[in-house]
Amino acid sequence: MAQKYTYEDYTIAVIIPVEYQMTAFRHMLDQEHPALPTKKGDTNMYIHGEYNGHNIVIACLPGKYGKASASAVSTNLNRSFPSIIWRFLITTGGAVPSLENDIRLGDVVVSMPDQGTHGGVVEYDLGRDIEDDFELKGFLFPPPTLLRNVAQVMKSDHFIRDNKIEEFISLMTKNAEQPSIFERPSETLHPDILYAADYPHISGEKTCANCDKSRAVIRGDRYVEGSMIHYGLVASGDRAIRSATKRDALAEKIGNVLCFEREAAGVATESPCIVICGISNYSDSHENDVWNYYAAAAAAAVGKEMISYLTPKSRPSDTTSSALSSHRGMSSNSTIGTFTILRNEFGSLGIQQAAPGTIPLEWVQLLALAVDRDRDHDGGWSIL
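Under our numbering, the first residue of the sequence shown carries the number 1, and numbering increases by one thereafter.
Bear in mind the hints are in silico, worked out from the structure with no lab data behind them. A virtual CB, placed ideally from N, CA and C, is assigned to each residue, including glycine. Wrong hints could be hidden among the right ones.
Heads up, simulated DMTMM-like pairs for lysine to aspartate or glutamate below, C-alpha to C-alpha not over 25 Å straight-line [unchecked claim]:
{"#": "1", "residue 1": "253", "residue 2": "102"}
{"#": "2", "residue 1": "206", "residue 2": "287"}
{"#": "3", "residue 1": "164", "residue 2": "252"}
{"#": "4", "residue 1": "64", "residue 2": "287"}
{"#": "5", "residue 1": "174", "residue 2": "187"}
{"#": "6", "residue 1": "164", "residue 2": "32"}
{"#": "7", "residue 1": "155", "residue 2": "167"}
{"#": "8", "residue 1": "174", "residue 2": "30"}
{"#": "9", "residue 1": "4", "residue 2": "30"}
{"#": "10", "residue 1": "174", "residue 2": "225"}
{"#": "11", "residue 1": "164", "residue 2": "102"}
{"#": "12", "residue 1": "246", "residue 2": "167"}
{"#": "13", "residue 1": "206", "residue 2": "192"}
{"#": "14", "residue 1": "4", "residue 2": "32"}
{"#": "15", "residue 1": "213", "residue 2": "287"}
Derived Cβ-Cβ restraints for the label pairs, each shown as a range [to be verified]:
{"#": "16", "residue 1": "255", "residue 2": "203", "range": "26 to 36 Å"}
{"#": "17", "residue 1": "100", "residue 2": "157", "range": "34 to 44 Å"}
{"#": "18", "residue 1": "193", "residue 2": "239", "range": "22 to 32 Å"}
{"#": "19", "residue 1": "125", "residue 2": "203", "range": "18 to 28 Å"}
{"#": "20", "residue 1": "193", "residue 2": "223", "range": "19 to 29 Å"}
{"#": "21", "residue 1": "187", "residue 2": "100", "range": "16 to 26 Å"}
Please work from the sequences and hints to get the whole structure.
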C-alpha cells in the first residue's frame, strides 16, 4: 500500500516560474508523490515528490511572470504547507559579465548577501526619483542561515572536486523522454559570444548570424570546463533587462550584481529563500532562447546538489524563518522577541546598529512584515 502524505509532511518548497524549468527540476527527484486535495482558497497547482529523504513541494507560476505573481504563489504555498523549513526559487536569468565575474552561458548564480546592506536579492525597480538619480529602497529577506552555510561548504567543496551539474544533467537526459532539449547547446552551432556593451543587436534579425563578430569580447579559457557556480547578488524586478548599457548602469548603481531575473523579489518579500538562477543570456539585446533549457537544467542540478547537503532526519530551526512563520498566538512580547531574532540575524550578516538607541531601517521593514503577517492571520491588532 502506497504511503499517504499530508500537507504537514513537506519541508522543502521549490518555486519555479516556467513550466520547462519545472520539468527540469522534476527530473531531479527520486520519485513523485500523488497529488493532495486542493485547499480552499489556494489557487496554486503543486507537484509533490522527494529527493534524498526530503519531501519536496514544487509550485509553478500561473503563466504570468513577475514579482506580483511570484508573491501570490509564495503566499498560498506558505498558507497551505505549515512545515516548510527551506524555500528555493529556481529560475533562469541574464548575467552581468565583468572582469571580476567571468560569468558565461550555462553558469549558475546562487543568491548570497554582500558585505553591505543587501541580503542576496536586490529589487532594482523599487525606489524613488531624486535629483537626476534613482534611489533604491527596501530590504528583502536573506537566505536562511543554514542555506547560506550550505552554500559556503559547497563552494569550498568545488575547489576540491567538480560540481554536480554535468553529472545530474547526464542522469536526467538518460531518463527524459525528450533528452535533447536539456543538453548543452553545441559550441559549433550556438557559440557563447559576449558582444561589447556598446554594440547592440541588429534590428529585425532573429539570430546573431549577421552580427559583427569583431565586436565580440575576447575571453580566455577558464580553469574548469563546463558550467560554474557563482555566489552573490541577484537583481530582481518586473522589467526585463535587454540592454547592455542599462545592465551595466544598474549594476554599477547597486554594486556587485551577478545577474538579473524577474521573480525573486516577490518570493523574498514573503519568506527567507535562496535563489538559484541559470544563465541563459547576457541581459543584452543579443538574447535568444537557445540556452534556456540547458540553463534551467543547470539551475535544477545546483538545487539538487544543495538539497543533498541538508539532513532530512533533523529539522533545524532557522531562527528568522521560525519566528516569522509562527503567526498564531503572537503577542506584543513575542513581537519584541521577533525583533531580537532579526537583530541577531542581521548581526550574522555583518550589519550593525548605527548608534545606541537607533533602529536600522532594514530591521523595521522586516519587523513590519512579521507584524503585518500576524495581523493577516489573526485579523486584529497592530503595533504600527
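For each hint, the structure was consulted:
1. 253 with 102: With a Cα-Cα distance of about 19 Å, the restraint between residue 253 and residue 102 holds, given a limit of 25 Å.
2. 206 with 287: holds, 9 Å
3. 164 with 252: The given pair, whose Cα atoms are some 32 Å apart, is violated under the 25 Å limit.
4. 64 with 287: holds, 20 Å
5. 174 with 187: holds, 21 Å
6. 164 with 32: Measuring from Cα to Cα gives roughly 22 Å; hence the hint holds.
7. 155 with 167: holds, 17 Å
8. 174 with 30: Holds, at roughly 14 Å.
9. 4 with 30: holds, 17 Å
10. 174 with 225: holds, 21 Å
11. 164 with 102: holds, 20 Å
12. 246 with 167: violated, 36 Å
13. 206 with 192: holds, 16 Å
14. 4 with 32: holds, 12 Å
15. 213 with 287: holds, 15 Å
16. 255 with 203: 26 to 36 Å: holds, 32 Å
17. 100 with 157: 34 to 44 Å: Violated: the Cβ-Cβ distance is about 23 Å, outside 34 to 44 Å.
18. 193 with 239: 22 to 32 Å: Once the Cβ atoms are compared, 24 Å apart, the range 22 to 32 Å for residue 239 and residue 193 holds.
19. 125 with 203: 18 to 28 Å: Holds - the Cβ-Cβ distance for residue 125 and residue 203, about 25 Å, lies within 18 to 28 Å.
20. 193 with 223: 19 to 29 Å: holds, 21 Å
21. 187 with 100: 16 to 26 Å: Given range 16 to 26 Å: holds, Cβ gap about 24 Å.
In this structure, the earlier hints numbered 3, 12, 17 are contradicted, and the remaining ones agree with it.
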